[in-house]
Amino acid sequence: MDYQMVIDAPQSGMNRRVKTAVVCGLLLALLIGVFAAGALITDADVAPDFSKKLQAPSWEYPFGTDWLGRNMLLRTVKGLSLSITVGAAASAVSAILATVIGIAAATGSKWMDSAISWVIDLVMGIPHLVLLILISFACGRGLNGLLIGISLTHWTSLARLVRAEALQIRGQQYIAVSRRLGCSRVWVLWSHILPHIVPQFAVGLVLLFPHAILHESALSFLGYGLPPEQPAIGIILSESMKYLTSGMWWPAFFPGAALVLVVMLFDKLGDNMKTLLDPYSAHE
Amino acid sequence: MELNKIKRKQLLRVGGMTGKYLFRVLTLLLASSAIAFILVSLSPVDPVQQYVLGAGNVSMEQREAIAEYWGLNEPPVQRYFSWLSALLRGDMGASLLYRRPVATVIGERFVNTLALMTTSWIFSGLIGFGLGCVMGLRKGKWMDSILKRICLILCSVPTFWLGLIFLLVFSVRLGWFPVGLSSPIGVMNAEVSIWQRLYHLALPALTLSFVSVANVALHTRQKLVDVLESDYVLFARARGEGTWTIMKRHGFRNILLPAVTLQFASFAELFGGSVLAENVFSYPGLGSAAAAAGLSSDVPLLLGVTLISVLFVFTGNFFANIIYSAVDPRIRKERPHGLSNGD
Chain E
0 MDYQMVIDAP QSGMNRRVKT AVVCGLLLAL LIGVFAAGAL ITDADVAPDF
50 SKKLQAPSWE YPFGTDWLGR NMLLRTVKGL SLSITVGAAA SAVSAILATV
100 IGIAAATGSK WMDSAISWVI DLVMGIPHLV LLILISFACG RGLNGLLIGI
150 SLTHWTSLAR LVRAEALQIR GQQYIAVSRR LGCSRVWVLW SHILPHIVPQ
200 FAVGLVLLFP HAILHESALS FLGYGLPPEQ PAIGIILSES MKYLTSGMWW
250 PAFFPGAALV LVVMLFDKLG DNMKTLLDPY SAHE
Chain Y
0 MELNKIKRKQ LLRVGGMTGK YLFRVLTLLL ASSAIAFILV SLSPVDPVQQ
50 YVLGAGNVSM EQREAIAEYW GLNEPPVQRY FSWLSALLRG DMGASLLYRR
100 PVATVIGERF VNTLALMTTS WIFSGLIGFG LGCVMGLRKG KWMDSILKRI
150 CLILCSVPTF WLGLIFLLVF SVRLGWFPVG LSSPIGVMNA EVSIWQRLYH
200 LALPALTLSF VSVANVALHT RQKLVDVLES DYVLFARARG EGTWTIMKRH
250 GFRNILLPAV TLQFASFAEL FGGSVLAENV FSYPGLGSAA AAAGLSSDVP
300 LLLGVTLISV LFVFTGNFFA NIIYSAVDPR IRKERPHGLS NGD
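Here the protein sequences come in this chain order: E and Y.
Under numbering that gives the first Met the number 0, the residue at position 92 of the first sequence is numbered 91, and the numbers go up by one with no gaps.
Under numbering that gives the first Met the number 0, the residue at position 24 of the second sequence is numbered 23, and the numbers go up by one with no gaps.
Chain E extracted, bound-state conformation (with noise of 0.2 Å):
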């Protein structure tokens, strides 16, 4: 199979990792663009219009109206793009404490490397939504305790990947011959160790957006997340367990098929990154 492969590369115009570039480069731009549209769409677009309440959906309306007349589909772009937003922030955050912990870890003293673990134990011992509901309830709910529970909930499994990879790096001979040489610790991390670490950052802050997202409609669907006019999907999803009983699929149905969606693609692009960034799938 694989010989089958090195003889069609060159057939068809494109290697494996100019495809795969490519494949990362349209993800990205379609989730950008949910974003964009998302961000274009104004309050009056989804204004209530109670002449055209809850209508199946149809040419004019894709994914139908609600019980205020609103359109779905726009509503739906809306809430997507507010969970990219709060994903791409917490997703941030997360990577960057991911990464700083993790080389912490790796490379400071054994005491620091034991109570770092310990941290993340604690951390992973408490359920993961049972602790967004803690520190969102600490914040008063809202968007600030949303953000603020999504960023700092999310980088465990990251930083155990940093440590692991950073200690690999540490043990490497040129690391201990740049020490012999005279280096300074800091320089040794910075130029030797950090550059290692930069493609396990990129992959896994992408990686971190899906999980990020799921969390965040998760808590909005429980009430904790934003006040009940944002058209955030999980209380598009929570108003419409009200007119499921009536047999109204399509306010239930597409925004989460959308969210699932997005969430697939951020999934893809993370695994596209990884091939590209990783050097030994790299030139596969």
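Treat the hints with care, as some may be off.
Partial list, computed: chain E residues near chain Y (C-beta under 7 Å) [what the hints assert, rightly or not]: (1) D120; (2) L121; (3) A137; (4) G141; (5) L142; (6) A201; (7) L204; (8) F220.
Read the hints as simulated data drawn from the structure, not as lab findings.
Where is the CB? At the ideal position from N, CA and C, for every residue including glycine.
Given chain E, put chain Y in place with the hints provided.
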């Protein structure tokens, strides 16, 4: 004699490890209770205001009296320790939401949640393992790629949305299942038969198992693929063993333990999933209590549920650790050679 000595040494080592582990668990439990306490104390919500909300006119003096009675004027550290000492005596305080002792509320709901989680845990474990085996055996074939795709989609599906879809399909459209609650309305608790309970449990359990099936399945698939590509399986094939014999002799033995360990280690996600599933189906378990407690600022209940959930997760991790280090013969034997990481 020699054997006895080795056995005793091993026992001592296991004992030491267990002691260390227990110490770690104890500090972690204490710390998580402290974190939970700090977080709820940070909340801007005034507990007295929350308490008197339904009571109509309450004078300032009465509020003061309540605050005094609850010890709200004491410093937080002192409050934490008095809460902790009450906790150790089995007193978890009274729930503001249900106006009953937290321990009672949790006790009742824990049974429901345990039923829900156990069902979906076993279900997702068995189905996930089966799917993983099928995928691993058919690696690269159409069955594998379809199942794998489904699993990857399931990984991205929010629990509550899946619950909504199930509710829509099975309850509203097909009318097979009720739209919520763990028992029929208007029937005394004691008169609810086991069948009725199971009937109301089915959909939330199905939702919860669907969400966690993908993880086990994909993990098992990867393990089985690794095993099947190994040299000993190649040798077995060369000896003329069929697929089923290979699975029996090499496959299951190597992939069963990791799968079981993974299932035990997934208790935290299981609990998080049950919070969402219970809320969708208004199932009266711990999860819906946690969400409701946070929304109505019922601090004692929120703290109680948090502690129980933490204990639950640690129990799972404990079993995962035991299985990993005590049952697996490879890990059990590796340690005495001093190859372990120096502890």
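Looking back at the hints listed earlier, which ones does the structure fail to meet? Numbers 4, 5, 6, 7 - these are the hints that the structure violates, sorted from lowest upward.
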